[in-house]
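With the hints as constraints, model all of the structure from the sequences given.
The listed protein sequences correspond, in order, to chains Z and L. Going letter by letter, the first sequence gives residues 1 to 209 in the numbering used here. Going letter by letter, the second sequence gives residues 1001 to 1191 in the numbering used here.
Hint data in this document are derived by calculation from the structure and do not stem from the laboratory. Glycine included, each C-beta is placed from N, C-alpha and C at the ideal position. Take these hints with a grain of salt, some might be off.
[As the list claims (entries may be wrong)] Straight-line C-alpha distance at most 30 Å; calculated DSS-like pairs for lysine-lysine:
1) K1006/L to K121/Z
2) K1149/L to K1043/L
3) K8/Z to K121/Z
4) K1182/L to K1043/L
5) K8/Z to K191/Z
6) K1006/L to K60/Z
7) K1002/L to K121/Z
8) K1144/L to K1043/L
9) K60/Z to K8/Z
10) K1144/L to K1108/L
11) K5/Z to K121/Z
12) K60/Z to K1002/L
[Said to hold, decoys possible] Over 10 Å on every C-beta distance to chain Z, these chain L residues come out as not near it, computed from the model:
13) R1074
14) D1111
15) Y1140
16) V1151
17) H1156
18) E1159
19) D1161
20) K1182
21) V1188
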Amino acid sequence: MSYYKLLKKGIVDENPIFIQLVALCPLLAVTTSAINGISMGLSTAAVMVCASAAISVLRKVIPNEIRIAVFVIIVAGFVTILELLMEAYAPPAINEALGIFIPLIVVNCMVFSRLEAFASKNGVLPSAADALGMGLGFTLGLMTLGVIREFLGNGSVFGFELLADPSAHVLIMLMAPGAFFTLGVIIMVMKFYRAHRAYFRATKGGLSG
Amino acid sequence: MKHVIKPASYLFFVAAVTTALLVLTHAVTLEPIANQHKKAREKMMREILTRADAFQEIPAEKAGKAEKSGSLDRVFEAFNGGETIGWIVELSPGGYGGAINMMVGISKEDDAVAGIRVLRHSETPGLGALAATERFYSKYEGRKLVPLKVVRSRPHDDEIDAITSATITTQAVTDAVNEAIKWYAERVSGE
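Okay, structure coming up:
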């Protein structure tokens, strides 16, 4: 499979949020604003690329019985190192924005599913590409939900106020149920579109057909 | 027996290498992290008491930390040209998602709360986390040194209106401010 296809698979065809429906825990927790969603998504993508490459290198020597334990140690190690490095050297503003999300990456099932399903069976570069694609797909999902929830719940997008009047804000969108509502509606629209696309193709266009 | 020993020693090896890497990273980053925290702390103290040019930590026994079980962590005395202009009280009250590490500034000349800042917290993003914003800080600025109460509607002089859906966080921060006010009343103005 080409690198382009590997990337597209993660971002579109097998998007972790909208298609696979994994990693819903960080989805509920951090998508209260667009910037939070992007921050969490990109940090996760960085850890996934490192962990996938490392597991891919080690894939032939890891005994099968203990592979999950090895995955956990390696991912937790990368996450902690990233956390320490960011705290020490990243500009304070970036560390403040990302710091609280980084420990959440270690309990993300999506990271492990890529290690198990892909990195432990493929070479280093395809594994890194697969992890990058899934990471970016995850970022796209988190950002989409973040934009919608921030706008409906707080009247702003990326921190820019569009609806300043607090009575127009739907507070429940900022809480966990709001994430489910948003995700449900997005999936409904996607399924509707897909079903109709098949219908259009079958009838060669036109609703009346 | 071999199928037990081989995976076990492999797992031990991976754990040992990871631990060694973590120890190394920790050792390398220990000092930069401490510097970052110190810088962040001093920047915040300067934001609260803008006129201060130096801060000095008051020894624990003098600050009264040992005898109290409250959330008080430490106290800094703020100076301007050698003259005391106020105090910064650092506290860690329990919020909704864990301890809220914060500072309360007390201005000597105004005899009022100079301001508050939140250093570290793990409150709900979008709700309790709003306690670490300028908008929330400003609710405490210039308050008289009397115990404050949290309310949900239009506030009076000694009241703080809660962040919507984050009453616990607001209460925790307000409790900490009250503790700082109490510390000031007992330790400084009562002397």
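Verification of the hints:
1. K1006/L to K121/Z: 21 Å, holds
2. K1149/L to K1043/L: 29 Å, holds
3. K8/Z to K121/Z: Given that 30 Å is the threshold and the Cα spacing comes to 19 Å, the pair holds.
4. K1182/L to K1043/L: Cα-Cα ~25 Å, so holds.
5. K8/Z to K191/Z: Cα-Cα ~19 Å, so holds.
6. K1006/L to K60/Z: This hinted pair holds, its Cα atoms lying about 14 Å apart.
7. K1002/L to K121/Z: 25 Å, holds
8. K1144/L to K1043/L: At roughly 24 Å apart (the allowed maximum being 30 Å), K1043/L and K1144/L satisfy the hint.
9. K60/Z to K8/Z: 27 Å, holds
10. K1144/L to K1108/L: 12 Å, holds
11. K5/Z to K121/Z: Given that 30 Å is the threshold and the Cα spacing comes to 17 Å, the pair holds.
12. K60/Z to K1002/L: 18 Å, holds
13. R1074: 21 Å, holds
14. D1111: Nearest chain Z Cβ is 32 Å from D1111/L, so the label holds.
15. Y1140: Y1140/L clear of chain Z: closest Cβ-Cβ about 20 Å, beyond 10 Å.
16. V1151: Given that every Cβ of chain Z is farther than 10 Å from that of V1151/L, nearest at about 17 Å, it holds.
17. H1156: 21 Å, holds
18. E1159: 19 Å, holds
19. D1161: 12 Å, holds
20. K1182: 30 Å, holds
21. V1188: 31 Å, holds
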